[in-house]
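Each chain, letter by letter, is given below.
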Amino acid sequence: MNKLKLNYTSLSFLPILVCIPLGYQLINNIHFGGFKLFQEFLISAFNPKIDNEIIITVIKRLNETILIGFFSWLVSIIFGAIFGIISSNIFYKIFNIPNFFYRIIRVFLTIIRSIHEVVWGIILMQIYGINFSIGIIAICIPYISLNSKVFAEQLETIDYKSFESINQINAPKFSSLLTIVWNPIINTFKNFGLYRLECSIRSTVILGLFGIGGIGTSIFLSFQTLNFRELWTYLWSLAILIILSGLIFKKIKFNTTNKILSIFFIAVFFITILFSFSYFLYFIFNNNFENFNSISSLFKSSSDLGLFDFLKIILETIILSLLSTGIAISLPPLVIGIFNNNSSKIFIKIFAFLLRLIPTPVILLTLLTFNNPSLSLAALTLGLHNAGITSKLLFTNLETQDRRNYIAMKSLGISKKTSWLLGLFSQQAKSYLAYCAYRSDIIIRETAIVGVIGSVGLGWQLQESLSSFAWQEVTIVLIAYSSIAIVGELINGKIKNSLT
Amino acid sequence: MNNTLLELKNISYKYKNNLILNKVNLKINSGEKIALLGKSGSGKTTLISVLNGTIKPTHGEVKLFSKSFEELDRKQKSKITTIWQDLRLIEDLSAEQNVNCGLLAENNFYFAFKNLLNISSFKKAHKYMQLCRLHNSVYDKKIGKLSGGQKQRVAIARSLIQGSNILLADEPFNNLDPKLITTIKNLLLENGDKNNTKKSPKTALVALHRLDLLNDFDKVIGIRDGKIFFNIKRNNLKKLHLDKIY
Numbered sequence: 000m001n002k003l004k005l006n007y008t009s010l011s012f013l014p015i016l017v018c019i020p021l022g023y024q025l026i027n028n029i030h031f032g033g034f035k036l037f038q039e040f041l042i043s044a045f046n047p048k049i050d051n052e053i054i055i056t057v058i059k060r061l062n063e064t065i066l067i068g069f070f071s072w073l074v075s076i077i078f079g080a081i082f083g084i085i086s087s088n089i090f091y092k093i094f095n096i097p098n099f100f101y102r103i104i105r106v107f108l109t110i111i112r113s114i115h116e117v118v119w120g121i122i123l124m125q126i127y128g129i130n131f132s133i134g135i136i137a138i139c140i141p142y143i144s145l146n147s148k149v150f151a152e153q154l155e156t157i158d159y160k161s162f163e164s165i166n167q168i169n170a171p172k173f174s175s176l177l178t179i180v181w182n183p184i185i186n187t188f189k190n191f192g193l194y195r196l197e198c199s200i201r202s203t204v205i206l207g208l209f210g211i212g213g214i215g216t217s218i219f220l221s222f223q224t225l226n227f228r229e230l231w232t233y234l235w236s237l238a239i240l241i242i243l244s245g246l247i248f249k250k251i252k253f254n255t256t257n258k259i260l261s262i263f264f265i266a267v268f269f270i271t272i273l274f275s276f277s278y279f280l281y282f283i284f285n286n287n288f289e290n291f292n293s294i295s296s297l298f299k300s301s302s303d304l305g306l307f308d309f310l311k312i313i314l315e316t317i318i319l320s321l322l323s324t325g326i327a328i329s330l331p332p333l334v335i336g337i338f339n340n341n342s343s344k345i346f347i348k349i350f351a352f353l354l355r356l357i358p359t360p361v362i363l364l365t366l367l368t369f370n371n372p373s374l375s376l377a378a379l380t381l382g383l384h385n386a387g388i389t390s391k392l393l394f395t396n397l398e399t400q401d402r403r404n405y406i407a408m409k410s411l412g413i414s415k416k417t418s419w420l421l422g423l424f425s426q427q428a429k430s431y432l433a434y435c436a437y438r439s440d441i442i443i444r445e446t447a448i449v450g451v452i453g454s455v456g457l458g459w460q461l462q463e464s465l466s467s468f469a470w471q472e473v474t475i476v477l478i479a480y481s482s483i484a485i486v487g488e489l490i491n492g493k494i495k496n497s498l499t
Numbered sequence: 000m001n002n003t004l005l006e007l008k009n010i011s012y013k014y015k016n017n018l019i020l021n022k023v024n025l026k027i028n029s030g031e032k033i034a035l036l037g038k039s040g041s042g043k044t045t046l047i048s049v050l051n052g053t054i055k056p057t058h059g060e061v062k063l064f065s066k067s068f069e070e071l072d073r074k075q076k077s078k079i080t081t082i083w084q085d086l087r088l089i090e091d092l093s094a095e096q097n098v099n100c101g102l103l104a105e106n107n108f109y110f111a112f113k114n115l116l117n118i119s120s121f122k123k124a125h126k127y128m129q130l131c132r133l134h135n136s137v138y139d140k141k142i143g144k145l146s147g148g149q150k151q152r153v154a155i156a157r158s159l160i161q162g163s164n165i166l167l168a169d170e171p172f173n174n175l176d177p178k179l180i181t182t183i184k185n186l187l188l189e190n191g192d193k194n195n196t197k198k199s200p201k202t203a204l205v206a207l208h209r210l211d212l213l214n215d216f217d218k219v220i221g222i223r224d225g226k227i228f229f230n231i232k233r234n235n236l237k238k239l240h241l242d243k244i245y
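Protein chains in written order, with numbering that gives the first Met the number 0: chain C, 0 to 499; chain H, 0 to 245.
It is worth saying that the hints were derived from the structure and are not from the lab. Watch out, some of these pointers could steer you wrong.
Unchecked claim - Derived lysine-lysine pairs resembling DSSO-like cross-links, with alpha carbons at most 27 Å apart: (1) K160/C / K66/H; (2) K55/H / K250/C; (3) K232/H / K160/C.
Unchecked claim - Here are some, though not all, of the chain H residues that point toward chain C, as calculated from beta-carbon distances under 10 Å: (4) S48; (5) T57; (6) G59; (7) K62; (8) K66; (9) K74; (10) D85; (11) L86; (12) L88; (13) Q96; (14) G101; (15) L102; (16) F110; (17) N114; (18) L116; (19) N117.
To be verified - Below, a sample of chain H positions facing chain C; criterion: calculated Cβ distance under 10 Å: (20) N9; (21) G52; (22) Q75; (23) I79; (24) T80; (25) W83; (26) R87; (27) C100; (28) F112; (29) Y138; (30) A154; (31) R157; (32) F228.
Even for Gly, the Cβ is constructed at its ideal location relative to N, Cα and C.
Could you put together the complete structure from these sequences and hints?
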């Protein structure tokens, strides 16, 4: 018998096998009591509530969301660029700083981003109470670190020879640094800026579900009262906001040769930095620590968390990440491959957009109407949400790909599905898997959100520990979270490097 | 009076167990025009990189103005300018912005900033670009959109604008047509310029392949397998010398 040989195409489909244990548990956990509610939820999508009162609420809530989302995006993208520069090797080469500092700053940033913004939000809320600023700060902390990673990765691709040539001119160090990093930074902003803005808005919505404010809070309240028509009004208005922000962002031409525009951007850059610093200091010194009076409470509080239980929830978190990643990788190519015609593609795109749009806690709560809380349900939720994101990338790449192989295969009489698989998808599989490796980093972080709602993993334990102000437990859970995320990032980094 | 500008003492350079430069000794005196000959892979580029301080030799000592590179300040180091074989221009910047990069050493951070924002003065850059026979239609074009010859001249203009005393050039006449080669050679070696507006380096070491370009050089150095085989006056160059290195 021939040996089984795996290639990038088969590796893209193989993870769908996670659906076997997942499906088994989901079927066992099914209950029919909530089907009517689920049906009502779906029908309401086509019949959202529209009246004066709700329109005023939508505008007010969207304003809050835009404010939190936009400011956290602006601050995190600017500081992300700064930290990106100081966490890239080019900075250390120009200033002749020992590599030791490079490693320290990278580890520090990895730890910061390993904790999800919701977790930061919940912790800050526990310390400072519910506060509008918490939303911005909670998003900014991990986002600055996430953005810095993106910027640093782009800076690492700078041709070393052009760096050498500028360095050899022996200009002042800051002049050399600026000349070398300027364009990669601007290009990264152009390419990733919009995506990060969309992420900021989504994170604002998710934090809103936990009480920060904005449209997320309204979504959560309408779900709690089972007012699905109202819920869909908020969701559709959120969709319009995301689409509009995308259109506006694309319209703005970041032309660095336009002098007035350049000066405007530079002014925004410095004003944001100054404002952020002053606001941060104001926030620190003008807020009462509600439940976190001194750092000593961290050591005084006891932990009731048993070792066995702790290991169990760590294992749950890892399994949750793996199952969700499996769905996020394999579901998009499988569905696009099977339903490979134009009308199906439109339907898949709309469905994928909805999966990206609806916050994961809302998807989970909806699924909970007919299924008991379980690890599988949490994995399905996270997997579906991320499949919405990976499918967007897959669609974009497939649409821009050279179709000659596909046409040639079809002309040989090969079926449309097989031609799609071998003529189109197989050429994308490698880069698709590389992106999924990056995505799985985010999935690990996102287990915190579904964990809180779906009673699984470390997310749930964190919520419990925070509610009882058991700071020692909180610290242990956060260390565990960080460790999983850092190990995951290292493994995914290796996978991504081998694929690119 | 000691007029040695650059000196290599017993220089060796190893890269991945390969000896690229092997016990090289060399003195470059003020005002000398030296041609560096050798086959591809003979160590010419590495020698230039050691001379400009980009590469630290595995063994030996490099001295500029009788001081080691570590002892020199930034201004002193900027007395050397290099035209690289692979040009090493910044692809995302326009031709004039790239040429202006040559002025970074004598200006402050604000100049670098203005250059990137395209709001600095390009007068000086344009003057040197004109000297290199670059048409004004290419001034604001991105490097990626220029032909090989145009890129070559942008790199030369960037080097000339630095106004350094010492020029190191690695095959600077690649991609240039015969008429341009003469013009550029005159510019680099300071053999006269109609307007006499340029400020060329007075001392030059130029790596070459074409023997018909040796006319204006004072000395010729032959290198093979990382070793200097001859270092003689141009008038003394014989076929015998060339046979040793080719």
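Hints, one by one, checked against the model:
{"no.": "1", "hint": "K160/C / K66/H", "result": "holds, 26 Å"}
{"no.": "2", "hint": "K55/H / K250/C", "result": "violated, 49 Å"}
{"no.": "3", "hint": "K232/H / K160/C", "result": "violated, 33 Å"}
{"no.": "4", "hint": "S48", "result": "holds, 8 Å"}
{"no.": "5", "hint": "T57", "result": "violated, 18 Å"}
{"no.": "6", "hint": "G59", "result": "violated, 20 Å"}
{"no.": "7", "hint": "K62", "result": "violated, 17 Å"}
{"no.": "8", "hint": "K66", "result": "violated, 14 Å"}
{"no.": "9", "hint": "K74", "result": "holds, 8 Å"}
{"no.": "10", "hint": "D85", "result": "holds, 6 Å"}
{"no.": "11", "hint": "L86", "result": "holds, 8 Å"}
{"no.": "12", "hint": "L88", "result": "holds, 7 Å"}
{"no.": "13", "hint": "Q96", "result": "holds, 9 Å"}
{"no.": "14", "hint": "G101", "result": "holds, 6 Å"}
{"no.": "15", "hint": "L102", "result": "holds, 9 Å"}
{"no.": "16", "hint": "F110", "result": "holds, 7 Å"}
{"no.": "17", "hint": "N114", "result": "holds, 7 Å"}
{"no.": "18", "hint": "L116", "result": "holds, 5 Å"}
{"no.": "19", "hint": "N117", "result": "holds, 5 Å"}
{"no.": "20", "hint": "N9", "result": "violated, 23 Å"}
{"no.": "21", "hint": "G52", "result": "holds, 7 Å"}
{"no.": "22", "hint": "Q75", "result": "holds, 9 Å"}
{"no.": "23", "hint": "I79", "result": "holds, 8 Å"}
{"no.": "24", "hint": "T80", "result": "holds, 8 Å"}
{"no.": "25", "hint": "W83", "result": "holds, 6 Å"}
{"no.": "26", "hint": "R87", "result": "holds, 3 Å"}
{"no.": "27", "hint": "C100", "result": "holds, 6 Å"}
{"no.": "28", "hint": "F112", "result": "holds, 6 Å"}
{"no.": "29", "hint": "Y138", "result": "violated, 12 Å"}
{"no.": "30", "hint": "A154", "result": "holds, 9 Å"}
{"no.": "31", "hint": "R157", "result": "holds, 8 Å"}
{"no.": "32", "hint": "F228", "result": "violated, 27 Å"}
Hint compliance for this structure: hints 2, 3, 5, 6, 7, 8, 20, 29, 32 are not met, and every other hint is.
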